[in-house]
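> Residue numbers (this note's numbering), protein chains in the order written: chain A, 3 to 157; chain B, 946 to 1363.
No lab work stands behind these hints: they were computed from the structure.
Careful: at least some of the hints might be erroneous.
Distance condition first, Cα-Cα at most 20 Å in a straight line; then the derived PhoX-like pairs of lysine-lysine [as the list claims (entries may be wrong)]:
no., chain 1, residue 1, chain 2, residue 2
1, B, LYS1361, B, LYS1276
2, A, LYS103, A, LYS124
3, B, LYS1321, A, LYS20
4, B, LYS1321, A, LYS130
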Amino acid sequence: MSNELDALYQEIILDHYKHPHHQGLREPFEAEVHHVNPTCGDEVTLRVHVDDGVVTDVSYDAVGCSISQASTSVMADLVIGKPVAEAMGIHQEFLTLMQGKGTVVPDEDVLEDGIAFAGVAKFPARVKCALLSWMAWKDATTQAVPSDATASKEI
Amino acid sequence: MDGLLPELDVIRKDFPILERTFDNGQPLVYLDSANTSQKPQVVIDTMVDHLERHNANISRAMHQLGAESTEAFEGARDKVATFIGAPDRDEVIFTKNATESLNLVANTLAWATGDLAVGEGDEVVITEMEHHSNIVPWQLLTQRKGATLRWFGLTEDGRLDLSNLDELINERTKVVSLTWVSNMLGTINPITQIARRAHEVGAIVVVDASQAVPQLPVDVAASGADLLAFTGHKVVGPTGIGVLWGKRAVLDQLPPFHGGGEMIETVRMDISTYAGIPHKFEAGTPPIIEAIGLGAAVDYLGHIGMEAVHAHEQAITGYALEGLATVPGLKVLGPLEARERGGAISFEVEGVHPHDIAQVLDSRGIAVRAGHHCAKPAHARFGVQSSTRMSSYLYTTPSEIDALVEGLEYTRSYFKLG
């Protein structure tokens, strides 16, 4: 019983939940989006600041469960400071992990703390929690930069 | 404990799913009956028997099976009429679910002429504790017709604020639509009192009885409702079948909803005339097996007795409220006394999100609902995004409530809350 739960609630996830990184809404920003998970009501308002093709800041105000809050914190850690195309590649890598139903082995070099979410992929009801802010970030970033710059490195 | 159903063990044996265990050997503790109830063997058997031995379309097949199927389907209508005290069995309309019943009313009102017509300057009154399915159809109606949507607010303890009853329901009010029992707060609303005021000003009263019909003895004629909606799957029946009951005088005035087979009297290429109720509102082949299953379900509940079911729910709800009060940091949303309350209890636990609570409980075999329970405005009223909801039914035992309380304590320790 506890093992199954521990696979979901990795220490890394609980740490990010209790102490989220990059929280709060900051200026400057080029795009702000508001995304909701209609089934549970979780919400995130997220801003992206892109400077010279680099994701310079991601700031957010979010309400949600431990998985969604931790995922937001990890996502901000991963994309801030990265060129937009590289960040989009990380987004794609995380999406693949989440949609893999627990069969995808995550690459720690790319996803860092994000590998802790591998267990979430086995709980279909929680995948949306983990993806909420990632989808919001992609939406905001797409709005913030010209379309040709958002193409992920892998695609 | 006073009020519990006698022979609760026997009742539990009627519901095969309650024997279910999960991979880790945990028995099921099903506390999500306000979401959907479990089904007794008699409902399952009735539906299977019909499929195996009597299946045919109704009202259009000139053969023995067609006659048997029609008889079973119309027999189910009789059973539902008896169960809810409908004065006339033709006042029972079969729909897909309560949502469709409410949309049927809101849509046909948009097309109605005469006394029931809703137009500019008219008002529709709902409440802040409605399920989304009793909010959105009225938003659509009032937006389309240039009417105004108004609503009762809620008191701190989760009841309707009736202090402005006479102002809110006034000469401009055409429709008052409200829930009998809240699916989130559990509150039982004084629908008869509100209906009296609505009728004084000539408004019609629509009651969402989705949580009431499963839990209370319901007498539609005495309730004050002109129209009343509920769904089959919450009264130990199957999904896919709902009911709209309405007074004949009102239903006769409403225009048809869906056009198609079975709802007509005669059809020419340029114009048609329509069948009388109930068929006027039942276009197309209905969910026959589901209606027959619902008939078996209300027979089952009628046999146990809704007074006894209600007393059981009150006993379990009181026990649950006591148990939940012992969990540190837990706050119940809604009335804190079992009296005047249905069997759904929504709560928050400080420091743990409802999703996480439900996940930990699920790992112990305990099924609850987490989220906004399709009642976002009611959550917003109490300043919360979402909540965890336990909901009991006639098969719920005190030991299942104990398991919930222990599970919540375990959840707090899992998330390292002092």
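> Are there hints from earlier that the structure breaks, and if so, what are their numbers?
Hint 3 contradicted; others consistent.
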